[in-house]
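One letter stands for each residue in the lines below.
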Amino acid sequence: MRLSQLEVGETGIVKEFTDLEMSVKLMEMGCLPGEEIKISRIAPLGDPIAIHVSGYQLSLRKFEASTIILQ
Amino acid sequence: MKADIRVALVGNPNTGKSTLFNILTGLNQKIGNFPGVTVDKKTGFCQLPDGRTAEIIDLPGTYSIYPKSKDESIVFSVLADKAKGMVPDLIVVILDASNLKRNLLLYTQIADLKIPVIVALNMIDVSEKAGIIIDINLFAQKLGVPVVPISARKIKGIDQLKTTIAYANKIALQQDTIDVDTIAPKLVAQIQAEYKIDNPYLALQLAHQHETLGFLTPAESDRIEELEKEHAFHSQKAQASETIARYNFINDLLYDTVKKPETAHDETVSNKIDKILTHKVFGFIIFFAILMFIFQAIFSWSAYPMSLIEQLFIKLQSLISKTMPAGPLVSLISDGIIAGLSGVMVFVPQIAILFALISILEDTGYMSRVTFMMDKVMRKVGLNGKSVVPLIGGFACAVPSIMSTRNIENWKDRMITIMVTPLVACSARLPVYTLLIALVVPDRNVWWVFNMRGLALTAMYLLSIVSAIVVAFVMKFILKSRERGYFIMELPVYRMPRWKNVAFTMYDRSKTFVFQAGKVIIAVSIILWVLKSYGPGDRFAQIDKAFSQPKYTKTMTPDSLEKVIASEKLENSYAGVFGHVIEPVIKPLGFDWKIGIALISSFAAREVFVGTMATIYSVEGDADKMESVQQKMHGATNPDTGKPVFTLAVAFSLMMFYAFAMQCASTVAVVFRETKDWRWPAAQFAYMTALAYSASFIVYHLLK
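Protein sequences appear in the order of chains A and U.
All residue numbers for the first sequence refer to full-length UniProt numbering, where the first residue is 1 and numbers rise by one.
All residue numbers for the second sequence refer to full-length UniProt numbering, where the first residue is 1 and numbers rise by one.
Some clues are possibly wrong.
Stated by the list, open to error - Here's a subset of chain U near chain A, in silico, CB distances under 10 Å, partners left out:
no.: 1; residue: 68
no.: 2; residue: 243
no.: 3; residue: 251
no.: 4; residue: 260
no.: 5; residue: 271
no.: 6; residue: 281
no.: 7; residue: 371
no.: 8; residue: 450
no.: 9; residue: 453
no.: 10; residue: 487
Just so you know, these hints were derived from the structure itself, not from any lab.
Beta carbons are placed, not taken as given, at the ideal position from N, Cα and C, and that holds for glycine.
Sequences and hints are given; from them, build the entire structure.
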């Protein structure tokens, strides 16, 4: 399952990434394998989304979220 | 000032780094350029408790030393460039105590460079309130560096931080965080040997970043590239495994030293505010209300100080002309330099207000929500959520708006925003529009409510927004992006604005504008003054001689004679001659040589148009009186055909020209300052002039 498939309020645990370049940037921001992610909200026009990860709120586009595979 | 030690501040964005910098240095700061690179360098001085002086360097906020933008690439460049002596004696890493995990990534990278480090644990009050218990002694012991808990907002712990800076060790004492040698052992060893680097992590970073480091020669960079191929080094894979190793270290560290409350309190205040501010409906309503407020504030609040500044300069001008003997020098000072200076200073209130409001929006965390909400719309036309604010600010003045684009991290998005912001109808176009509309559009109502003149003005404003969006859309395909477009952005928690920071930003930006753009404006106004005040050959002497004949001196009042002479001289000045020279070019747009002079002289600033028209048509009395200019222009006839000069077609053609042409020396100067490459303002000037010419041409021939 991909992070982009979760609904608001749902949580998942990061398993791996499909895009190496994106994974490096996401991991720097605390999205690491084993980390729990919760979808906080979706922007009014449906994209980007905001997630709760490693103690803070991060926003990313749905495309970026689709490169994160959940357990 | 000579500093005894150099201290660099490093930290994530939103950790209160700038607040700490302001507290440590006060008004003792200046902005310059890092040697050899085009990024602003903020430095200041701080008195230490032992009597020594520390030079504090504020480095751009970054999440890691792997740079994502040009600004961020500075951090590693400064810390690694031993040759230029930029390497600081001490690094203060600022960590947000309420968000330690992500903040510690940067710390571990910096620590492994083995430059002496101390940790400032900021927002300790916030983390305590959230129930986070940090064993600071154990934390410091595990890292091997001094850890000072502070609260920059509440100015707590600052003295202790200064003492710690004063007594910091000259050699690095921090513990190793990860085993760097395992990442690329052979490559690192070889780089260390060839470049005589004792630190393995520094060597590894050279392998990652050699392409963007200015202090490496092309030959050195190529050699590193060669070594990488030899050892099959893959930068992104290496970075990924390094990041995972670092987070393993961090997780272990936090497990031992930090106790978090068990209950996940998700319904924080920030979350509640976000539910309203990023709501599907209310979110946009609130956003547009805030924009309207900014728009209003820039116009209405600045009106009084602006007119005060103008009055001050007019007084100064009359004081000089009264007290000093008349002559070219006095004329140069009062009509050239002071007139130019007043053109700079008059923008200061608008700049100050816009930046105060923008820094409040930034500081509270609202700006990142605007980006969050607008990203999808703006992306469609090649812009970014953050482009919204500069574009709206453009209604007041493009200059502060272009300065505010620094908040846009993505290079391409920022460049497009800079390129299209001057298209938005700024306040300098207003006097030109109102004058020309009043000249040709009848004062009649349509459908009872709408005034035709009001509609014409609204149309000009709408045209400006539409043109900015269309040009942005076109540029999206022209500009080649060096970066892959992505959007990964922190949404910081809402906080009260730090009023001191707001004041600093206002002061800082206004000062930068006055000194940087000011130089260019004064230069341009001096050149214009020379072009208007001197003519080729003895043309001016002949005019003086001709008008000293009794048939003029007897029949005309000295005042009106002076105006006629001034108008005659203008026609024969270099500016006037130039107006005649360009007449064939502007004739297809419906303009004559007199309008040509106005076009040339209003290159410096659009509002000069009205004043030039006043001089050319030798208006009686006050040159700023619109009515008199309007009447004269209304009565102006073409000597060849006997028909009026300002027809509907000419007036709208002129308005189109003023809508699109980049007639603003301040904008040119500020675009150069922000891009630090003259090709950007040149390209902007070229495309806008081309657009202006074709729009004028089409409108003139449609309405003729």
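The hints, checked one at a time:
Among the interface hints, the one on residue 68 of chain U holds; its C-beta lies about 7 Å from the nearest C-beta in chain A, closer than the 10 Å criterion. Hint status for residue 243 of chain U: holds, given a least beta-carbon distance of 5 Å to chain A, under 10 Å. Against a cut-off of 10 Å between C-beta atoms, the interface hint on residue 251 of chain U holds, since the closest Cβ of chain A lies about 9 Å away. The closest approach between the C-beta of residue 260 of chain U and any C-beta of chain A is roughly 8 Å, which is under the 10 Å cut-off, so the hint is satisfied.
Hint status for residue 271 of chain U: holds, given a least beta-carbon distance of 7 Å to chain A, under 10 Å. Hint status for residue 281 of chain U: holds, given a least beta-carbon distance of 8 Å to chain A, under 10 Å. Interface restraint check: residue 371 of chain U against chain A, minimum CB-CB distance 8 Å, threshold 10 Å, status holds. Interface hint status for residue 450 of chain U: violated, as the beta-carbon distance to the closest one in chain A is roughly 32 Å, over 10 Å.
Against a cut-off of 10 Å between C-beta atoms, the interface hint on residue 453 of chain U is violated, since the closest Cβ of chain A lies about 37 Å away. Checking residue 487 of chain U against chain A by beta carbon gives a least distance of about 5 Å; that is within 10 Å, so the hint holds.
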